[in-house]
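Each chain is listed here by its residues.
Protein chains: 2
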Amino acid sequence: MPPSPFSNARLSVRRRSPGARETAGDWDDPETLVRFARDLDVLTLDHEFVDAAALAAAEAAGLRVRPSAATLRRIQDKLVQKETLAAAGLAVAPFRPVATAADLVAAGAAFGWPLVLKLRRGGYDGRGNRVVHNPTEAAPAIAAFAGKPGGLYVEGWAAFRRELAVMVVRDDAGQIVAYPPVLTVQRDNICHEVQLPCGAADEAVTIARRAAEAFAVVGALGVELFELMDGSILVNEVAPRPHNSGHYTIEACVTSQFENHVRAVLGLPLGDPSPRVAAAVMVNVLADADGPGQPAGLAEALAVPGVALHLYGKAAARRGRKMGHVTATGDDLAEVAARARAAAAALRFGEGA
Amino acid sequence: MPPSPFSNARLSVRRRSPGARETAGDWDDPETLVRFARDLDVLTLDHEFVDAAALAAAEAAGLRVRPSAATLRRIQDKLVQKETLAAAGLAVAPFRPVATAADLVAAGAAFGWPLVLKLRRGGYDGRGNRVVHNPTEAAPAIAAFAGKPGGLYVEGWAAFRRELAVMVVRDDAGQIVAYPPVLTVQRDNICHEVQLPCGAADEAVTIARRAAEAFAVVGALGVELFELMDGSILVNEVAPRPHNSGHYTIEACVTSQFENHVRAVLGLPLGDPSPRVAAAVMVNVLADADGPGQPAGLAEALAVPGVALHLYGKAAARRGRKMGHVTATGDDLAEVAARARAAAAALRFGEGA
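The listed protein sequences correspond, in order, to chains Y and B. Per the numbering used here, the first sequence starts with residue 1, numbered consecutively. Per the numbering used here, the second sequence starts with residue 1, numbered consecutively.
If you are wondering where the hints come from, they were derived from the structure by calculation, not from laboratory data. For glycine and all other residues, C-beta sits at the position ideal for the given N, C-alpha and C. Take these hints with a grain of salt, some might be off.
To be verified - Some but not every residue of chain B turned toward chain Y, in silico, with C-beta under 10 angstroms:
#1 D272
#2 A296
#3 P305
#4 A308
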């Protein structure tokens with residue numbers, strides 16, 4: 001397992017009673033993890049980078065871990081993730097493991113150019129990915145990942161028309177609730193905006209349900225999809241947790257992705273995922289520069305009607321860091337999008353507050 | 001100031017950054033209060049029992065206190081509260097201060113029987129109130145409050161048809177947003193159920209706005225109203241904080257009472273209080289007996305569709321203690337009420353979980 005992409009390996013939990021427990025330590029260390037979780041009802045995750053072997057040790061110690069170590073093992077290695085999706089009969093871009101520049105050149109001959117070279121472990125928001133446009137770029141691309149543990153794989157380029165996402169939540173009994181498909185707009189490889197409705201085919205939901213079954217997920221699964229020019233849909237990747245593409249569900253749906261994740265991992269009945277509104281738009285708020293964790297423009301953002309503002313309370317802004325998001329809801333997608341964008345644009349991190 | 005009706009005088013605050021500050025001490029002690037609040041942006045309250053003199057000391061130390069000490073001073077003494085409402089031209093039941101049984105008998109002669117004898121300070125949920133049905137009960141009633149500090153007053157009986165409430169939120173500039181009137185159903189002097197819509201006259205909102213102005217409230221004000229047999233409306237009492245009758249706004253309105261309270265006390269623009277749904281019903285969940293803080297029936301409650309469950313995380317249940325509430329929303333009031341009541345009835349505190 002490579003080093004965690006997060007700088008602080010800190011375990012924390014919200015207890016039944018007010019007040020949280022916090023343990024500073026390495027969450028990939030089984031002993032620390034088991035000591036932390038010993039008397040909890042359930043151990044769950046808000047990111048997928050806790051080593052599956054540590055989670056398996058927690059399970060062996062009798063803890064309830066949801067999603068399970070087996071699910072995490074099949075997802076956190078992206079090559080195994082792709083293999084699992086393909087084995088379930090779900091369409092994905094062509095892929096194969098690679099180790100050398102020669103492997104890359106051979107993949108280009110098989111899949112066509114460009115290729116996307118990826119770390120098998122630890123990547124997110126475009127980190128750990130690199131586009132390789134032609135055979136000349138093969139050796140430098142391999143060299144760029146030299147020393148990174150966990151190995152590499154490569155995917156063929158999916159010439160997609162747009163990116164979609166579907167949140168599903170699955171319980172221990174295999175019941176699944178599915179949120180409606182949304183359009184996700186990326187900027188610099190980071191989710192920038194999410195739009196409901198998006199007019200996606202029902203097939204998007206069917207695919208997301210089958211992905212949840214393929215990984216035997218218990219809890220939330222974010223399923224990122226490519227809609228190709230011909231309307232067909234490929235799975236890009238999955239994340240076994242509440243997902244940025246589902247933040248809109250807080251305001252827009254009867255039961256949010258967060259509540260349904262908690263219901264699922266606790267073995268409680270799943271809630272209704274239906275939308276309460278005709279249209280919702282979520283816009284991420286990223287810092288433009290390093291600076292304090294408080295934004296300028298708060299009053300201006302809150303003056304936009306019908307917008308819910310979520311600030312994450314991070315102590316400091318760093319250029320490109322997600323500091324919060326805004327969600328607008330209403331009847332008309334274009335009008336809703338205009339409000340969400342206006343509120344997000346008003347918030348400025350990194351220039352003092 | 002009499003002893004606080006709450007057993008633990010504990011000050012706490014949610015900081016900008018994750019993690020809360022907590023000071024154990026007497027919140028009526030100005031020195032403790034100022035030390036606690038020294039570097040906060042604003043000091044606000046979630047109940048009205050912090051001594052106005054302590055808040056005035058905090059203001060004198062340069063702290064921003066919202067609602068202000070002056071507002072609290074006029075509300076926490078219920079006789080002064082009634083005088084303020086009457087002086088603003090708002091209709092209230094007849095009232096006067098009393099000290100002796102003879103005073104009570106004289107009030108009965110003036111207002112008619114029964115009377116409601118009340119502690120001027122510290123009462124809530126019917127505590128500190130006593131109905132006096134006739135002159136014979138006057139002496140025992142006075143004796144029942146012997147030794148309670150702060151004095152007594154008496155009100156004439158308001159023969160109301162039903163009880164209503166209106167939440168308003170006022171900012172420093174005097175702008176007010178008003179939530180729609182709701183019907184409140186009391187049981188054993190405690191709010192049991194809240195229903196939207198309730199068909200109340202627009203006058204209810206006008207009265208609530210004028211009450212917020214009369215007390216110069218900054219933040220939320222819960223205005224409890226009596227609708228009399230002839231349709232006229234009296235003010236019962238006010239509470240300068242988010243209020244049980246406004247909990248339904250979390251799910252049912254564009255901006256909740258909690259968010260608008262925070263916006264107001266921070267000097268940020270107020271949000272839209274409009275309902276997002278045609279009907280909402282909130283039912284309080286009280287413990288039937290002493291016991292653990294975890295309820296039985298959680299899965300049963302969550303199996304009711306379209307209900308939001310709020311558990312307060314209290315460590316222990318005591319008979320009659322508010323442990324949480326449920327809110328259902330939808331199109332039809334009767335159908336929504338049935339769902340809210342079913343979910344609330346499923347939750348059982350005090351019988352082990």
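To see whether the hints hold, each was checked on the structure:
1. Hint status for D272 (chain B): holds, given a least beta-carbon distance of 5 angstroms to chain Y, under 10 angstroms.
2. Checking A296 (chain B) against chain Y by beta carbon gives a least distance of about 13 angstroms; that is not within 10 angstroms, so the hint is violated.
3. Below 10 angstroms, beta-carbon pairs count as interface contacts, and P305 (chain B) has one with chain Y at about 5 angstroms; its hint therefore holds.
4. Because the smallest distance between the Cβ of A308 (chain B) and any Cβ of chain Y comes to about 8 angstroms, under 10 angstroms, the interface hint for this residue holds.
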